[in-house]
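Chemist: Below are the chains, spelled out letter by letter.
Protein chains: 2
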Amino acid sequence: MTTEHATGDEPRIDTEELGRLLLGSWPEQRLSSRRLAGTEAMQRIEGLGMDEHRERVLSQLHLLVEDGQVHRAFPTRLGGQDDHGGNIAAFEELVLADPSVQIKSGVQWGLFGAAILHLGTEYHHDTFLPDAMSLAVPGAFAMTETGHGSDVSSIATTATFDPDTNEFVIHTPFRAAWKDYLGNAAVHGTAATVFAQLITRGVNHGVHCFYVPIRGADGAFLPGIGGEDDGLKGGLNGIDNGRLHFDSVRVPRRNLLNRYGDVDADGVYSSPIASPGRRFFTMLGTLVQGRVSLDGAATAASALALQIAITYGSQRRQFTTASPDREEVILDYGRHQRRLVPRLATAYAQFFAHDRLLTAFDSVFSGEGDTEDGRQNLETLAAAFKPLSTWQALDTLQEAREACGGAGFLTENRLTSLRADLDVYVTFEGDNNVLLQLVGKRLLGDFARQFSGADAGTLARFAAEQFADRAVTSSGLRSLAQTVVDFGSTARSVGRLRDEESQRQLLTDRVEAMVAEVAGQLRPASKQGPEEAAAAFNRNQNELIEAARAHAELLQWESFTAGLATIVDPDTRRVLTWVRDLFGLGLVEKHLAWYLANGRLAPQRAHAVTAYVDRLIGRLRPHLLDLVEAFGYGPEHVRAPIASGAEAERQEEAAEYQRRLRESGLAPVPEKKVAAEARARGVAAANG
Amino acid sequence: MTTEHATGDEPRIDTEELGRLLLGSWPEQRLSSRRLAGTEAMQRIEGLGMDEHRERVLSQLHLLVEDGQVHRAFPTRLGGQDDHGGNIAAFEELVLADPSVQIKSGVQWGLFGAAILHLGTEYHHDTFLPDAMSLAVPGAFAMTETGHGSDVSSIATTATFDPDTNEFVIHTPFRAAWKDYLGNAAVHGTAATVFAQLITRGVNHGVHCFYVPIRGADGAFLPGIGGEDDGLKGGLNGIDNGRLHFDSVRVPRRNLLNRYGDVDADGVYSSPIASPGRRFFTMLGTLVQGRVSLDGAATAASALALQIAITYGSQRRQFTTASPDREEVILDYGRHQRRLVPRLATAYAQFFAHDRLLTAFDSVFSGEGDTEDGRQNLETLAAAFKPLSTWQALDTLQEAREACGGAGFLTENRLTSLRADLDVYVTFEGDNNVLLQLVGKRLLGDFARQFSGADAGTLARFAAEQFADRAVTSSGLRSLAQTVVDFGSTARSVGRLRDEESQRQLLTDRVEAMVAEVAGQLRPASKQGPEEAAAAFNRNQNELIEAARAHAELLQWESFTAGLATIVDPDTRRVLTWVRDLFGLGLVEKHLAWYLANGRLAPQRAHAVTAYVDRLIGRLRPHLLDLVEAFGYGPEHVRAPIASGAEAERQEEAAEYQRRLRESGLAPVPEKKVAAEARARGVAAANG
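Keeping their order, the protein sequence lines are chains A and B. In terms of my numbering, the first sequence is residues 1 to 688. In terms of my numbering, the second sequence is residues 1001 to 1688.
Accuracy of the hints is not assured; some may be wrong.
[Said to hold, decoys possible] Below are the SDA-like pairs computed for lysine to any residue, each with C-alpha atoms no more than 25 angstroms apart in a straight line:
(1) A:K672 <-> B:G1267
(2) B:K1672 <-> A:P530
(3) B:K1590 <-> B:P1603
(4) B:K1590 <-> B:E1636
(5) A:K672 <-> B:R1375
(6) B:K1590 <-> A:E543
(7) A:K590 <-> B:K1590
(8) B:K1672 <-> A:Q376
(9) B:K1672 <-> A:A533
(10) A:K527 <-> B:P1530
(11) A:K441 <-> A:E532
(12) B:K1441 <-> B:T1359
(13) B:K1672 <-> A:P163
(14) B:K1672 <-> B:F1319
(15) B:K1673 <-> A:Q318
(16) A:K673 <-> B:P1530
(17) B:K1441 <-> B:N1377
[Stated by the list, open to error] Label-pair distances were calculated between CB atoms; the ranges are:
(18) B:A1322 <-> A:T577: 46 to 52 angstroms
(19) B:D1370 <-> A:R574: 57 to 63 angstroms
(20) A:T165 <-> B:A1322: 37 to 43 angstroms
(21) B:R1035 <-> A:P324: 49 to 55 angstroms
(22) A:G231 <-> B:K1441: 47 to 53 angstroms
(23) A:R77 <-> B:A1684: 48 to 54 angstroms
(24) B:G1682 <-> A:Y123: 31 to 37 angstroms
(25) B:S1526 <-> A:E649: 53 to 59 angstroms
(26) A:E649 <-> B:E1501: 57 to 63 angstroms
(27) A:T165 <-> B:E1652: 44 to 50 angstroms
(28) A:R679 <-> B:N1166: 28 to 34 angstroms
(29) B:E1501 <-> A:P324: 31 to 37 angstroms
(30) A:S323 <-> B:S1270: 29 to 35 angstroms
These are computed hints drawn from the structure, not numbers from a lab. A virtual CB, placed ideally from N, CA and C, is assigned to each residue, including glycine.
Bound conformation, chain A alone (with noise of 0.2 angstroms):
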């Protein structure tokens, strides 16, 4: 039905620029690791039991660490490189090799070093940070309690300061409060970084962390230390996650990581920030690199289960339909088109989304965008990339491995296992519904801080002033104000839903007024005290997050949009802009239901939106190729037997078979052709 490559009259993408681009802004750090990633030393070998399986792991963070590849992000007087956003750009590929393995490093590097660095002082980095670094202790991030996973300033262990001894005593109350889930707990961890509620002089000054050895050289608890195996989990199981419990457990004062909030040798306290709320969420802020590094790898495992399923699509065969004689390549299938190509789309879309993040990340840590502005336009658009990039994958590699049929199923063809090993991106380093919430919230914020009350002329003035280039740069609520009015006339007279200007109008529009909706239904409630406020909450809670998502997805659209314009090749600038309309009105139809029901569309409007999509998907067919090959993974990161070549070989074969058969006049005759000539005998016969 359609040509497998571009040719002719087609545009052609310029697959060397493009591929480039999808590197993002550090580009060397990235390929670096990649290769690492490719080496068979780093990858995953199926089938291992759950031992050696974390063995295996744990042997190849040793080699991450002899290959220079995982310091990056630590000082430069420590042997690192202070280079943020290349050390999350290097991370992330290592998806590729084993998930495991960027787990466990995000564990060791990004949680355990990572806490020791930000929350931590002088003395800690030079105490705690080489022997982090070196892997000479692995250690455990003892943050997550059974009892308490998203709602981290309610955890119940306490960090009681004792002036006697001049010491902390962490301790365990209670089985609800027993730290969980905790990468190298179960085996390897030699210390943790504990969070718990410092409490001096009778009072809880909430959050902090301390630094607590855990294990002595032989392996074994230290004193008033114990804890369990998490066991088997769905995936991820390189990673030994187990559970820590403290008996009045006690270590030197000094091991308190006393950036925000310190206890002198008196037990008082001290705190560079004065409001507990703000500096427990300054504390936890200097994690975000863990939903950051994520949002990349989902990417990745993303771009590669697509890669899989388009280069198999685009060589099974199967049915003939409009000749008899070759069975049709599936990927010209309209429902199997529908059900890859879009998401192709979206895989686009992160990889832009996902730079911006990154480049926002460095940003602040590098200290050059390290403002309130800053640090709040980070961690929303963390907040907002994570779920929609996580889930993403989830629902790709799934789709990739029903593409591939049966053979999608085998473990050597890699989707089923990128798929349980990724499940639980979605619930951990902030739940997807969670943190969707909080975007929820700040839009929320932001409404009320710039419409309330507002008159046209502000309203005006703040809609010009996101059309300017900061509304790329920050990722609070965008507000259309006076040209949605003619925007939703337009967009029921003509035909313009193809252009940027209306994708980007229609996407923002539907934010603002799913905000504002919620925010109506809150106000009064509001006023009827905090019950009746909660239930008012709870009642939008759906809503609010569905809000929060279109952000996400506008805030995705946008940098996607943008990296458009970065391209130089025409051709392919062409092509990238029918996969970023692909992306926006694939958003459009997605909520359809939305645009029609609140007038934004007209029902013609939104067939077209339909029948336009059909069209992109159509264009898009003898590019796909191209478009995989872009992202730039050789055969030593796919691994998948099924998209090697094998399955276009068989098909040769098979075809070859079939044509010497028929060549040869042995071939066998249908019983349908035997019966249709003796009918047309019998005719003949009495005819004669």
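With chain A held as given, fit chain B onto it using these hints.
Modeler: For chain B alone, kept in the frame of chain A given last:
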């Protein structure tokens, strides 16, 4: 926010009556198998290596034989009971023990044994069935090839009759024709029912099935036979899937399972079914039970997942909202309810729909309803329900896993393993998309037959007929004919959405309109030759599959509605009616864009749908624990520590600790409170 159990004026569910209803038409067989599934010997041990797991499952199949659980469908004269419906009901329950046991049983008795039973004749029954039944001969069902899964009629393995030796020669012509993904093929199988193109006297009579021994007593392949292990899979690793190929392997002529096609000693072919096409579909039709049992097993797995997540959600507390002293139960959060309650409604719909399918299956296979219509009805129901329930199982297991957070990711809590095992249910025994396309084609056929050139009177009669109780026994296209027009205006004007008839009309009208739309698109193309017809079909493939899904949803809704009428206890019927309304309006909400874009609902009605769905969810909140209790699974079936009450105990222990601490007067004071008091003292001092 809401109470745990129904109290006061709330209706109370009679969980015993409801439980009996959910057991369906073969309660004894189901309970007997469920009891066995509750024994440790039958259950999965997590973390076994692939080889051990395979051996354990094989030994569990021997236990099934000993227990007499698996022979119900076989002839009474061979020790069976000719009980087809009860047999499938019992099989389905095995999913609770280990899906590998369910599927390996299905391979042995539902595919290998059933092929001998349904495609063979007396000689085959006498010769091969006893050993298949007793598991003396584990067998592979060798239909699928590496190159052909969904398109069975194109398989390339040949069985050529040699009149000189009175034998068939089974041959694999090229790599793509290797049999693949066959349970029992990698290790345990000593025979196989092999599907191949039957060729005699130079004519290919299409796909037939042959009984072929494949391994000797020593476990080695017999001469001419080779194979490979499919190795690790994304799940179901208790089954030894593998590949087989045949190098001119000879079997006696009478190893042809000759119920639907035979060859005499001279090589003359004969068949009771003249048309090769009808013959092929009749043969495949005898194997529908696989699809039937997957529908039931997928429904059971969804129910189990919901029981785990809802039990945990009713005990787990996180975040304080209205009251500062006690955290909220997470099942009281609006978002959490939105995630779980509609899925519970769908599981309920599936229970009723599955019993309808099972009854149709039993009717055909017992011979009682074995008519052309009966068979078509059965195949349509199976092709409609199996895709929906297997996809729904993956969706529900995943949502339940996420709703349980990190605990949901632990293997001990079962959700991840069940999901991994059920993954392949969506592509085997008929790929879900291919099955829905079959349903879609049937709908197009019904449409063409019933509406081409029909006048208004015909349409009205057709509609009237549909509303007779025939509607719940036939699976074909429904029509509302005239009534839909009246309804269109009704729905736009009055608040009748919650009425049963309104739901029926909205769902029915959508199917009919979608089918009519596709038919209208295909008609002109069909006159322009096969190439344009194929292209037009392809352009509409996605829409046709969506129409089939809509039809399947309608059939589920009809089954649920018919089931409601059988409930005796009025309170129970009242609550179940809310569940059915949630299912029905949930479908309308899911497809709201269609209703709006096609003028079936006005925008204000659309908002009312969502509002009413929300209201129903709230109304069901006090009944959720009863609704999952009615599934009838005991702790020996649930086996998830998080659903055992452990979470409630932990919460109680923590609350008790906090209470005692508060009463002791030794509780540390929060810094925030100290600061507030200090400020207050400052103000007092200033004022003093």
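Chemist: For a quick check of understanding: which of the numbered hints are violated here, in increasing order?
Modeler: 4, 10, 15, 25, 27 and 29
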